[in-house]
Amino acid sequence: MKRPFISLTSDFGVGTQGIGIMRAVALEICPEASVIDLRHGIPEFDITEGAWTMEAVPQLPVGAHVCVVDPGVGTMRRSIIIKTRRGDFLIGPDNGVLIPATRRLGGIEKAVEITNGKYMRKPVSPVFHGRDVFTPAAAHLSNGVPIDEFGPEMKPEKLAQAPYEEAAVAKGVVTGKIIHVNHFGSVSINAMKEDFAKSGIKYRDSILIDARSNKISSKLLKTFGEVAKGEVVAFADDYGRIEVAINQGRFSDTFGVKLGDRIIIRK
Amino acid sequence: MKRPFISLTSDFGVGTQGIGIMRAVALEICPEASVIDLRHGIPEFDITEGAWTMEAVPQLPVGAHVCVVDPGVGTMRRSIIIKTRRGDFLIGPDNGVLIPATRRLGGIEKAVEITNGKYMRKPVSPVFHGRDVFTPAAAHLSNGVPIDEFGPEMKPEKLAQAPYEEAAVAKGVVTGKIIHVNHFGSVSINAMKEDFAKSGIKYRDSILIDARSNKISSKLLKTFGEVAKGEVVAFADDYGRIEVAINQGRFSDTFGVKLGDRIIIRK
Amino acid sequence: MKRPFISLTSDFGVGTQGIGIMRAVALEICPEASVIDLRHGIPEFDITEGAWTMEAVPQLPVGAHVCVVDPGVGTMRRSIIIKTRRGDFLIGPDNGVLIPATRRLGGIEKAVEITNGKYMRKPVSPVFHGRDVFTPAAAHLSNGVPIDEFGPEMKPEKLAQAPYEEAAVAKGVVTGKIIHVNHFGSVSINAMKEDFAKSGIKYRDSILIDARSNKISSKLLKTFGEVAKGEVVAFADDYGRIEVAINQGRFSDTFGVKLGDRIIIRK
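Residue numbers (this note's numbering), protein chains in the order written: chain P, 1 to 267; chain R, 1 to 267; chain Z, 1 to 267.
Some clues are possibly wrong.
One copy or any two copies: either way a pair holds, since identical chains are not told apart in the list.
[Unchecked claim] Dumping the calculated DMTMM-like pairs for lysine to aspartate or glutamate here, alpha-carbon to alpha-carbon at most 25 Å: (1) Lys267 / Asp195; (2) Lys118 / Asp238; (3) Lys122 / Glu194; (4) Lys122 / Asp238; (5) Lys122 / Glu28; (6) Lys2 / Glu32.
Quick caveat, the hints were computed from the structure, so don't treat them as lab data.
Starting from the given sequences, assemble the full structure and let the hints guide the process.
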């Protein structure tokens, strides 16, 4: 029999005990689960970075995936479970952090608000829903409790909006924004490799990148190693997003761009 | 059958291999255990922070819980196992780091010194008892080896003292000290929510906080969100300790207080 | 039945999702494995530090051990599996990072290049072989797939060289170099305790350490606690390597030595 799979993601510091407590809560409720940390140490309250991180869920087995990036904890924001068409459960606050991942998991099959106290750890802390609401929900779902047991259904259009939409794709033009800057100073944008195919920009095409009033000549290639040192290149990153980088350089610093900036790429 | 539960806590850096080696030692001796990291990266040799961290054990399943914060390793300090009334085994150095957690786990049922070489990993390093003494003991206990097999019983009063006692509680006054400062600059003190109830200070009462010759007016509430930005508030933290904070501010910096400082709270 | 054992080591930051994805890939292919992180957060592309870290594998159970320190990913460097005489599989890039560990695991029994796409995760990223090549290989080996299935055998002498050789041992003289500097500023050298025995330098002998034109009088002892504060001492570290330290001081800063420096120790 397959072991249920639970992943945990949060903006807790990697050297803090909240992470260990969530692992323990998961294993106490569902001892047979494989519980893995997808990522912790996300910059605090950074919903964009949290949503970008959760886009890695398609690379994990189908399972219950918890995300605790939750600036609104203690307010009236809802706690939710989203069932994806791939079969996953995404569990976290209703602040948009779970939405971009659903686009990569076949879309939303059903969403419910978590209101049933039966599946919460007691007493429920006003500020630690990761321990008391989200992780217990993931573990009970892994034990086979039906999603409808947790609370009332929510229409997908009532869910809080994602921190970013997908890039606008037109003939020969992709208009996106920066959703991640990695530690090399390379940037990922809210467009998939497939978006470029749709816009008619193909592998090896020359492109013009428009960012912060810079017009940058580049090419769409497979990896940064295909251009000379110091040259700009666009390619699909390991998670399917288009990344713009300078080979052995820092794109973000060189062109003064940052998270959230608009980037237009044309053929 | 329930899987045995082992937690590991240490002051090793989160990017160091000693942690991975302890996990492996635990799993080699007791392959069926759920082994989780409660916390690593505790400030080096900081027994107060270690003891405060171990106060999270009541939130974990009953099991064997190792704590390696051990400035005295290589000296004559003893290695110990404490059995709690809840049924846990706490394993670590006899330097007080395990004591505060026992107060939250029903008290000490029995303590033994670890002297039986049969349950140590050989050769025993003079400086890595986490790997060679504490973790093997946790794993053998998880396999059902009786605590008396590990060495002679110690009377609880012979154990090294805790790094902090519980706050003194009188009518309308709680006299405590700061045992934790979190990364928001909020402080936790050595008093539980229940201590306030005992002293007659109730939820929503106005209080006067005396710290480093500051007299600070505040209230006992449920969470920091209940006061305006910049105001001081006292509430129970996620681990049951009373926390004093400034909503969206840094209490520790504002009032110049630090770990170990005395705090008096009166009605 | 024994659970297969898989360890993961990398130069990925401890707060990045690549680590979690590798854990998930391992568990998806081999759900019964015990998957532990030996160490992450190795300084990026540092093959010496990676090789030194993998020397901890003898302290882990026999299993499949992945190391992703891979500055050459995306180039023509080979992916390899090394079977050790102890029975482990070491999996990673052919850049020498796996070689020092083999010396402590009985030597190399067989090496193969990983070329069989059947055991890779698809599509294979040009820059994330940890996820797509190495971890899948570890998990399939744990499932019992024979090493010869993965690709053609390589003669050990064709493998890329180790980042460091073992120290030269002569009568009364060990000529080595620094392969690790710890966060206390103590240094480990490429000599084992046994090398000192071979050269005739015994426990408690006075020694002369020659490093960066300093001539330092010291002793070979069991631990740094055996000398007075501020004195230099040599002893076997927790991994069997000879470490040179100043009790409560920083050897590396005091004498201006760094990774890769030559150290000569004579009786």
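To see whether the hints hold, each was checked on the structure:
no. : hint            : verdict
1   : Lys267 / Asp195 : within (13 Å within a copy, 64 Å between copies)
2   : Lys118 / Asp238 : between (40 Å within a copy, 20 Å between copies)
3   : Lys122 / Glu194 : between (46 Å within a copy, 17 Å between copies)
4   : Lys122 / Asp238 : between (40 Å within a copy, 12 Å between copies)
5   : Lys122 / Glu28  : within (14 Å within a copy, 33 Å between copies)
6   : Lys2 / Glu32    : both (9 Å within a copy, 10 Å between copies)
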